[in-house]
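Engineer: Each chain, written out:
There are 2 protein chains.
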Amino acid sequence: MTGPRYTPLVASLPATVPFVGPEAQERANGRPFKARLGANENVFGPSPRAIAAMSEASAGQWMYGDPESHDLRTALAAQHGIRPQNIVVGEGIDGLLGYLARMLVEPGDTVVTSDGAYPTFNYHVAGFGGVLHKVPYTGDHEDPAALFAKAAEVGAKIVYLANPDNPMGTWHKGADIVAAMDTLPDDTLLILDEAYVEFAPEGTAAEVDIEDPRLIRMRTFSKAYGMAGARVGYALGAEPLITAFNKIRNHFGMNRAAQIGALAALQDQDYLKQTVANVAAARTRITAIAAKNGLSALPSATNFVAVDCGQDGTFARRVLTELVSRGLFVRMPFVAPQDRCIRISAGTPNDLNLLETVLPQALSAARAG
Amino acid sequence: MTGPRYTPLVASLPATVPFVGPEAQERANGRPFKARLGANENVFGPSPRAIAAMSEASAGQWMYGDPESHDLRTALAAQHGIRPQNIVVGEGIDGLLGYLARMLVEPGDTVVTSDGAYPTFNYHVAGFGGVLHKVPYTGDHEDPAALFAKAAEVGAKIVYLANPDNPMGTWHKGADIVAAMDTLPDDTLLILDEAYVEFAPEGTAAEVDIEDPRLIRMRTFSKAYGMAGARVGYALGAEPLITAFNKIRNHFGMNRAAQIGALAALQDQDYLKQTVANVAAARTRITAIAAKNGLSALPSATNFVAVDCGQDGTFARRVLTELVSRGLFVRMPFVAPQDRCIRISAGTPNDLNLLETVLPQALSAARAG
Chain L
1 MTGPRYTPLV ASLPATVPFV GPEAQERANG RPFKARLGAN ENVFGPSPRA
51 IAAMSEASAG QWMYGDPESH DLRTALAAQH GIRPQNIVVG EGIDGLLGYL
101 ARMLVEPGDT VVTSDGAYPT FNYHVAGFGG VLHKVPYTGD HEDPAALFAK
151 AAEVGAKIVY LANPDNPMGT WHKGADIVAA MDTLPDDTLL ILDEAYVEFA
201 PEGTAAEVDI EDPRLIRMRT FSKAYGMAGA RVGYALGAEP LITAFNKIRN
251 HFGMNRAAQI GALAALQDQD YLKQTVANVA AARTRITAIA AKNGLSALPS
301 ATNFVAVDCG QDGTFARRVL TELVSRGLFV RMPFVAPQDR CIRISAGTPN
351 DLNLLETVLP QALSAARAG
Chain B
1 MTGPRYTPLV ASLPATVPFV GPEAQERANG RPFKARLGAN ENVFGPSPRA
51 IAAMSEASAG QWMYGDPESH DLRTALAAQH GIRPQNIVVG EGIDGLLGYL
101 ARMLVEPGDT VVTSDGAYPT FNYHVAGFGG VLHKVPYTGD HEDPAALFAK
151 AAEVGAKIVY LANPDNPMGT WHKGADIVAA MDTLPDDTLL ILDEAYVEFA
201 PEGTAAEVDI EDPRLIRMRT FSKAYGMAGA RVGYALGAEP LITAFNKIRN
251 HFGMNRAAQI GALAALQDQD YLKQTVANVA AARTRITAIA AKNGLSALPS
301 ATNFVAVDCG QDGTFARRVL TELVSRGLFV RMPFVAPQDR CIRISAGTPN
351 DLNLLETVLP QALSAARAG
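These protein sequence lines map, in sequence, to chains L and B.
Quick note, the first sequence lines up with residues 1 to 369 if you use the UniProt record's numbering.
Quick note, the second sequence lines up with residues 1 to 369 if you use the UniProt record's numbering.
Note that these hints are calculated values from the structure, not bench results.
Any given hint might turn out to be false.
Stated by the list, open to error - Have a look at the derived ranges for each label pair, beta carbon to beta carbon:
| id | chain 1 | residue 1 | chain 2 | residue 2 | range |
| --- | --- | --- | --- | --- | --- |
| 1 | B | Q269 | L | P136 | 33 to 41 Å |
| 2 | L | S364 | B | P107 | 52 to 60 Å |
| 3 | B | A11 | L | G310 | 30 to 38 Å |
Unchecked claim - Cross-link-like lysine to any residue pairs, in silico, SDA-like; alpha carbons within 20 Å at most:
| id | chain 1 | residue 1 | chain 2 | residue 2 |
| --- | --- | --- | --- | --- |
| 4 | L | K150 | B | R5 |
| 5 | B | K150 | L | G3 |
| 6 | B | K34 | L | G3 |
| 7 | B | K273 | L | A59 |
| 8 | L | K273 | L | T284 |
| 9 | L | K150 | L | Y137 |
| 10 | L | K150 | B | G3 |
| 11 | L | K34 | L | L363 |
| 12 | B | K34 | L | Q79 |
To be verified - So these bits of chain B aren't anywhere near chain L, every CB distance computed over 10 Å:
| id | residue |
| --- | --- |
| 13 | P18 |
| 14 | G45 |
| 15 | N353 |
| 16 | V358 |
All C-beta atoms in this analysis are idealised placements derived from N, C-alpha and C, irrespective of residue type, glycine included.
Just need the whole structure built from these sequences, with the hints factored in.
Structural biologist: See the structure below:
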């Protein structure tokens, strides 16, 4: 038996996974984590109105969700002052990134990103045979000018930029990104991933002409709205690009209760404000805990903080291992010199009590190791 | 501005949609349907245990779902007497069909299906540039021998067969399909879509060696388990093929509450039995209503009934239009001669009271039209 004939591209792909989930780590460790601060999930959870809406929608899950996500797109359009035709809703930003890669990338096509930026984007690009060119961070910031220059140099079909950045938490003013776009080639698509923008200072979101064909912005209900498990992301862009998703997307892929929950979450902006304040307080406390242990935390416009462990990646990995072994799920950047840091998501006060307890232990163990 | 550079394939694709959802029809009509019997949704809904589990999981939607769907795959493996390594869970069968097309189909590759079978499969094949060869139904049944002969003739990478069939509701014994596989080329993958198999007589599910590399079987929680909106499908197959999904799938694409709900639904086999009985009763009543109106209904092993309107596709389309205009959402086969039928999903007693009322009106109007 010869078995299925995979495409040469798929046959050549490794069976990699962008991230190992915390549940897999718990199964391997034989015990649950005490605090879950590794995946930039929002521990403050969905709006009570969203929770209620999703609960009430459970009995109605016998129905497929609206494949056009009409109600959610209409509400998002009103919030952003654009038309529903400029919005596509998808199965998280991850799902939308996969569709975009499929729409644009053929084997050998060039794509630009930052070295150490979002691995799932890289996974999708590689999954369609794209060739990634990586630009280093500059002072722990993604570097728009360098990214766009590289895009022009290699004739990139796509350039990816997260603002605020993950995993460092740093950010640029939206206006500075828009200004840097002067050097972006007309036929390069900028994916501006604004997953964390609701946590960021005013002025961080890019103000652009929605019909600018060079740009698509990614947003999500996974972070500030606290609904990562619901899998609701959306993209804002020019109508021809948004319409093109309809050629290939999984039209009936959206969970019905998730759509209903996202709409309810959007309508509870007071809760969003409370969450943003909770997250800011948690960032302040993580920074203070780090300082108490002689470590410096990077300023962050997200719901996580990169804590500089003061040495190299090997040391930071030891610190991470010691934290994980003490029941604290955290992650860290993959690439030097950013991998001198560990990345800690904003936790509840209880979560951060655990951090306060175990961080000095982990540092001692790592220094002894 | 030139805009994004789509791949030649994507640039050439039409912006088709496999199905227009009932919500879009309701928006166009300016009023909601009175009964929703067009999409083979299961009006009897999820198990109360699944509803409770999904409701309780709403507050926990701040967490990503387990990307390995470990608990659900483990339970499914136990039910099927196989290993979790032989199961991949995905965003409905639609999502899994898209992944499979991506894994196997390059522009120009040949794929075989029945003429009038599942449009979403065709959509995914076309979306990767595959060339579809269509085999006619034989006596309103998909024809395994003809499908496999065509696959051998054209060197198909994939052959698609739904058992029971959609949209006709007809079925084959699993053993007959397995026997027909003797003529299936070793390097053709048979996608056996068993979405409706829980409604079918014993012996309809194919009994096969799970490591047979020629076969992958599709199952879902959308139909008998009444959870179409949750988007939980799964595939059973040889470990190398199942593992290959990990090269390309959206690892964090599964809704967390949906996974939890599916597990609870699986654990309530008594409710499943009750649903299957409810559906059988609804089929009997649809058949009786059809007969009262001088129409014959096809025998069905699914949760829908194809009702032969006794004339051609033009007439059946008129009947359908008249039913829809009277608040009854139904659909119909796309291809002659199967398009002489309308397809009516098993409804609640109230739904079928509406059918009983409006079918004679619709037939009169269609005959007058």
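Engineer: Would you mind marking each hint as holding or not holding in the structure?
Structural biologist: Evaluation of the provided hints:
no. : hint                        : verdict
1   : B/Q269 x L/P136: 33 to 41 Å : violated, 56 Å
2   : L/S364 x B/P107: 52 to 60 Å : holds, 59 Å
3   : B/A11 x L/G310: 30 to 38 Å  : violated, 51 Å
4   : L/K150 x B/R5               : holds, 17 Å
5   : B/K150 x L/G3               : holds, 18 Å
6   : B/K34 x L/G3                : violated, 48 Å
7   : B/K273 x L/A59              : holds, 18 Å
8   : L/K273 x L/T284             : holds, 17 Å
9   : L/K150 x L/Y137             : holds, 13 Å
10  : L/K150 x B/G3               : holds, 18 Å
11  : L/K34 x L/L363              : holds, 19 Å
12  : B/K34 x L/Q79               : violated, 32 Å
13  : P18                         : violated, 6 Å
14  : G45                         : violated, 4 Å
15  : N353                        : holds, 19 Å
16  : V358                        : holds, 21 Å
Going through the hint list in order, the structure does not satisfy hints 1, 3, 6, 12, 13 and 14.
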